[in-house]
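Please model the complete structure; the sequences and the hints are all you need to start from.
If you count the sequence shown from 1, you need to add 320 to reach the working numbering.
These are calculated hints, taken from the structure and not from any lab test. Note that the coordinates shown come from a computational prediction; the quantities given were computed from them, not determined experimentally. Backbone N, C-alpha and C define an ideal beta-carbon position, used for all residues, glycine too. Be careful, since some hints might not be right.
Distance ranges between label pairs, derived from CB positions [unchecked claim]: (1) D1208 with S1466: 31 to 39 Å; (2) Q623 with N953: 30 to 38 Å; (3) E1528 with G1432: 27 to 35 Å; (4) V461 with K1381: 32 to 40 Å; (5) N1367 with A1109: 40 to 48 Å.
Think about it this way: if two alpha-carbon atoms lie no more than 25 Å apart in a straight line, the pair counts; the simulated SDA-like pairs of lysine to any residue are [what the hints assert, rightly or not]: (6) K609 with T587; (7) K595 with V1000; (8) K1504 with I1526; (9) K1089 with P1107; (10) K1470 with T1373; (11) K1543 with H1379; (12) K1215 with S628; (13) K553 with E585; (14) K773 with L1025; (15) K568 with Q406; (16) K544 with G554; (17) K494 with E1219; (18) K1081 with L1025; (19) K1089 with H1379; (20) K1108 with K1081; (21) K1552 with R1540.
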Amino acid sequence: MDSAHNQADTPSRCNEFSEDCNALLDEDLSKSRCVETACIVDFSSETNLENYSQQGDFQPIVSKILNSPRCAEEVLTEKNSLTNSQANKILLDTLTELINTYSDTLERKTYIVEYIKKPISLFALLCGLLLIGFYIYATIVTSPYQWRVTGVLIEGILVLALYVWNGYLYQREKYLTATEVRDRTQAIYEQIEEIGTNLAQPMLRIPGIPSVSTAKVIRDRVHKILPDNLLVKGDIVEMRYGDVAPCKMVYVYHDDAGSHESALEYTLERNQVFKPTLFGIPPQVPISKKNIQYQGRFWFILQATPISYNLPPAFVQTRPDTIIHNQLKILNQQLLKRLLCVVLVASMIVNIARYVFQDVVQEHQPEDGFEAIVLLQVYVVLPFLPLSFPTLWLLARSYGNAKILSLFEALQISKTDFEDEEDEFDAEAPPPTKDVELSRAAVWNRFWSLLTKWDRTSLARSTNLLESLGSTTVICSIDKEGTITSPYPSVEQVLFPTDGDELTALDLTENEYNVNGMQFEDRDWQKYLPSLKPLGLNLLLNTDCGVRQGRRRADHHRKFSSIHKHARLLPSRQSCLCRLGKEIGFSDGALASFSKKKDIGTFSPYRPSLLHSLRHHQYEVPSVLSTIYEEMNSGSYQLLCDGNIELILDFCSDYWNGEQLNVLDDGMVDKILDFYETSVVNDMQCIGFSYRPINIDNDGKIPFLKGRADADFVYMDIPWSQEQPALSDDDEAKQWKRRTRKISVSVDNDDGFHFSGQVSKEEEALFFKEVVKGQIFLGMATLSHQPKADVCNSIEDFGLAGIRFVYFSSSAERESKAFAERLGLETDWNSCILLSSPDDDEGAGSGYLETHDIKARLPRGIENIRPHLENVDDIPLHVSLFAECNPDAVREMIKIFQEYGEVVCCVGSALNSNHTGAFASADISVAIEPMHTRFQSRSRSSESRQVQSPFSIGAALTSLPCALFLQHDTSLYALAQVIREARHLLNGIRQGLAFAASAHLAISLSLLLSYCFLQPLLFTGYQILWVLWIICPILAISLLFSPHEANTMTLMTGKNIEHLKDYWRYFFYAISRFLLTVILTVLVYILSLYYFGNRTKSVFNFTDRTSWTRLGHAQQWELQYAQNCALFVFVWNTVWISSTFVNRTSSLRKFPPYKNVVWLISAVVCVILQVVFCALSLLRGPIKLSVLPWFVYLIGLASPLVVVPIQEIVKMHDRKQFVRFQKRSKLEFNTKLGLHSPL
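What follows is the structure, given as C-alpha cells:
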C-alpha cells in the first residue's frame, strides 16, 4: 500500500465535503414515530491479537484478528472459571453464614425479661394479684355475700390475662422486628436455591453508570453481566480501565506458554478504580503486550464474596426510636413518676384518713381496711396502666402500614397524572396527588397479613414504616443517574465553528410534544444547517438503535457500539443522539445508501490529562470510535468519528465552518478546550465529532473491506512515551499535548490510499493507523443529566412540607453545584460542604473555591462535621448539598442528622451494592429502580414465586434494609403522596392516643373526687375495664378515618429530639377537657345514691355507718343503680368529647365531625353498647329509674351543651400554640446563618 502525503487542494476538498452532506439532507422535516424495540446485550467474546507492532513513540499500536483462534489466556481463563452451580453454592453458603451469625444473637427470653422489668408491667401484675387477694379476703369476712366480690375476681383474672397478652405481644413484636431482615434474606436464599442465578437476561440494555454496579463474569465458559452482589469468591471477572472492583481481586496473568506468572501479580482493593497506573508508570512490557493482545480487557480473580461486605450492615441496623415512641416513653415516665404518684398519694391520704377516723375510731369496723387502704388505690391506679394500648397500637399501626403499602402499590400501577387539588400557580399550594381508588379488600387483606404474619414485601416493623414516613424531615438522595435523573444524559448544547474563527453554541431543550422529543431553543437555528449537516449525519450513522432501519425514538435510550466492550465510557458516550440528528432534518431514506464497513477504536490510557482529570469521580480512558462507511451510490468511503475532545483534536488538521475548511491552529484548539473545560466543571459531559473522506486510488475500493461489515474490531492503543511530562506539571502537559497533536496530524492522505496486489496484514494495520489522521473537526456536543419529570417540583414541595432535600454528590464542588442548580437547590453562600478529607487521594478535590465559603469556615471532611456543630454553628444541618462523598461519609452524615433530631429518608439506586449501608442507617429507605427491569418490578410487588432476572435478585440484596421500592418510571410525587398519607394517619393515631389517655385520666380523677366526698366506689372494676378496653378503643380507632386536611403537606413536623418539653400543657389540656365531665359524673352519682335510697341517706354517708363489706341486698342494688347512672353520664360525655378530637386545631364549625363517617358510626355504637351494658346490669333490679327527678336527667343528658364549648376553648388555645410552633419551625427551616453570612 502506498500513501501519498502531498497537501490536497483545500477548495476541492471543501466542495466535495459540502456536496456529500447536501445530498443526504432531506429538507422535508416530516417525521414519523416507530415502535421501540429492545435489544439484548451481546455477551459474545471478542477476537484477539495475532500481530503486535509499534511504530514510533506516538504511533498507535494496532490490534486485529482475521479468522484466527482465541488467545491462550482467554481460553485458560474460561477453562478455570466457576460453573453456575459452583457459584450458586458459594453464594448460598455465604448467605447461610450471614443468617446463622445473626440468628445466634437473637434470644427470645431477653424480650420477656425486658417486659417483666418494665414499671408498667410490674404495676399491672401487682394490681391483678391484689384484686385476687381482695377476693379471697372478702370471701372470708363479708356477710351477707357481696355481689361485687365475684366481680373483683373476674377483674383480677382479666388484668392478669391482659398482662400475659401484652407480654406475648411485646415478645412477638420485638422478635418479628428483629428477624424481618433475616427472614427476607432467607426468602432470597430460597429463591436462589430454587431457580438459581443462571437465567436469561431480560430484554434490557444495562447502562454503565455509577448507580448500577455490574461486572462481566465468566461462568460455564460463558461471559455474563451480573450485579456485583451475585459475584462470589473465585469468580473470574473481565475488567476494563475505569471499572470499579467489587471486592479484593487479583490479576490473572499467563505467559505465552499458558502458565501462571506469579511475579506479575497485581491486586485491586474493594471499590478501587482499575487504572493503568495499577501496572506502574511506565508499564512493564508484558502488560503492554497483554493490553494490546486482549484489546483493553483484563481478567481478575475475586478473593472474597462481595455480599460478605455489603450485607452485614443490613443485619445490624440500629435505627433510632421514632418520635411517637419517644413521646410515649416520656409520657409514661411522667405519668408514673409524677401524676400517678400525686393521684396515688392523694387517694391514700383520703382513704386512710376516712378509714382511721370513721371506720376504726367512730364505728369500730376495722374489716374495711383492706378495701379502703388497698382496693380503692388499685382502682384509682388502674386507669394509669395502659393495658389496652399495646393492642390498640398494634391495630392502628398495622392498618396504617397496610394503607400506605396499598397506596404506594396503587400509585405505581396507575398511569394517570398527578393533579393539583388547589391552584397550581399558588406557591404555598400542597403537592399534586393522584386520584387512585384503593380496594378495601386489598387494604384489609394486607392489614390481616401485617397483623398475623410477616409481610415479605416490606419491612413495616423494623423500619417503623408509618411513623418514619409521617415524621420525615430530611430526604437524602445518594446518587442521581437513573434515580432522580434519566440514566442517560441529554444534549444541552451543540458547539461548532463558524465564520471568523468563532464558535457558535446552540442550546437544546427537551420537548415531549416534539416528534423527536427535543428542539433547538434558537428559532433561527436553521441558518446554521451547513455546519449542522455533517454533524447530524455523524450522529445518525454511528448508532445501532435502529434509526438506519427507519425506527424513530423520542425517548432517552442507549447507544451500544463495539467500543463499549473495550473501555468503560462515560454515560454521554452511551447516550444515543439520533434524536438530534433527526431534529436537524435527515430523513430515514437518506441513510439507506450507507454501508458500515469497519469500527476502529483508539485509546490513550497514559494520557497526562488523566492524572489531572477535571472529573475525578468518573474515570474514563480517552478514546475515539472511528467508523468507515461506504456510500453505495457513489462508491466513496467516509470516516466518521466521535469521542474524547482532546483525542479528536489530536487527529484533526482542519475544521469545517459551514462554508470552507480552515486549518485547525492552536488558537482554535484553545477556544475548543476552554469551552470543554468550562463544560466539564459545570457537570456536563462532552463528545467531539470529526470526519474525513477516504480517497482510494485504482478502482476506488478497499480490498479488505468488501461486503458487509465483519465482526472484528480494530483496536489501537497509544502507548506510554518516555517524552511524557512529569505527572504534576500541568503546563508541560499542555505543551506536550499540543506537540503530540502536531505529530499525530503531520501525515496527510488527501491524495488517496493506493493498494496494489495482495494486501498484507502489515499494510492493512498501517492503513487503519493512518486513516484516523488528518480529520476535519465538525463540532462537539455537551450533555448533562437532567432531572426526571416532577423531580424539581417535588423538591420544592418537600420544602413547603418542612422536608429538606439533601443531595450527596461524589463529584467536586463546582460540578455538584451545577447539578444542584438544575434540581433547584440553593447554590450560593454556605450551600455546599465537602465530605472528603484533604489527604484522601481518591476523593479529594482542591477544597472550597468560593471566597465566602472559605471565610465562613465551613468544615472539610466528615470527621470535622461534629466538632463544627459543637463549637461553631449548625450550618451542616441546613445545607442541601454535600460534595466529594463516598459511601462511608454518606452513612456517617446520615447518623449525624439523626443525632440532631432529623428523621432521614434515604433514596438511592437498588442496583448500587454500596448503598446497603446507607439504606440500613436511615430511619427509612426507598430503593429506586435505576432502569427498566420489568422482572424485578413485578417480583417486588408480589409474594408469588416468579422467574426473576439476576438483576432482580441483586436489587433485592442491595435493598434488603429498604421498606419501599420505587419503579423507574414512577414520579417522586408518589413518595410525597405516601408521606402525606402517613402524616394523616399518624395525626389520627396521635389524636386517638391523646383522647384515650385523657379519658383514662378522667376516670382516675372521678374516682379520686368521689373518695374526697367520702362516697363508696364510684365505678366497679369491671365498669372501669369496660370503658378502658371497649368504649375508649372504639372511639380512638375511629379517629384514624378522619378525612384528609388540605394543609397536611404544608405543615412542619417536629424533630426527633427534646420531646414534650411542655408536657404539663398537655396534662392541663386533658384535665380541662374532662374536668366538667368528672364533676358532673360525681354529682349524678351522689344524687342517684340519694334518690335511689328514698332520700333517707346522708349524701356524704351513704352506708349510714354500715360497713362496705356488710351491705344489705337493697343497699347493693342502690349502689349498682347509682354506679350505672354515673357510668352512662361519663360515657355519654366522653362520646361527645371525642367529636372534638376528630381534628386537633380546627373548630367543629370548620371541620364538622360527621365528615368522619367511621367516627359517627362508632359514636352511635358506643352509646348503644353503653345502654345495653347498663340494661343488662340492672336487668333484675327492683328500683325504677323514674324515682330520679327530672333535673338529674337534665344534668346528665344536657351536659354536652356545656362540655363541647369548653373543648373548643381548649382547642383555641392549642391552636395558638400550634401556629406559633409552625412559624418558629418554618423560620428555623428557612434560616441558614453562619460565620461571615451576608446580611
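A quick look at each hint next to the structure:
1. D1208 with S1466: 31 to 39 Å: 47 Å, violated
2. Q623 with N953: 30 to 38 Å: Given range 30 to 38 Å: violated, Cβ gap about 57 Å.
3. E1528 with G1432: 27 to 35 Å: 46 Å, violated
4. V461 with K1381: 32 to 40 Å: 50 Å, violated
5. N1367 with A1109: 40 to 48 Å: Violated, at about 26 Å.
6. K609 with T587: 19 Å, holds
7. K595 with V1000: Given that 25 Å is the threshold and the Cα spacing comes to 21 Å, the pair holds.
8. K1504 with I1526: 33 Å, violated
9. K1089 with P1107: 41 Å, violated
10. K1470 with T1373: Holds, at about 23 Å.
11. K1543 with H1379: Roughly 18 Å separates the two Cα atoms, so the pair holds.
12. K1215 with S628: 23 Å, holds
13. K553 with E585: 17 Å, holds
14. K773 with L1025: 67 Å, violated
15. K568 with Q406: Cα-Cα ~20 Å, so holds.
16. K544 with G554: 15 Å, holds
17. K494 with E1219: 23 Å, holds
18. K1081 with L1025: Distance of about 13 Å is within 25 Å: holds.
19. K1089 with H1379: Status violated; Cα separation ~72 Å.
20. K1108 with K1081: 50 Å, violated
21. K1552 with R1540: 20 Å, holds
Checked against the numbered hints above, the structure breaks hints 1, 2, 3, 4, 5, 8, 9, 14, 19, 20 and satisfies the rest.
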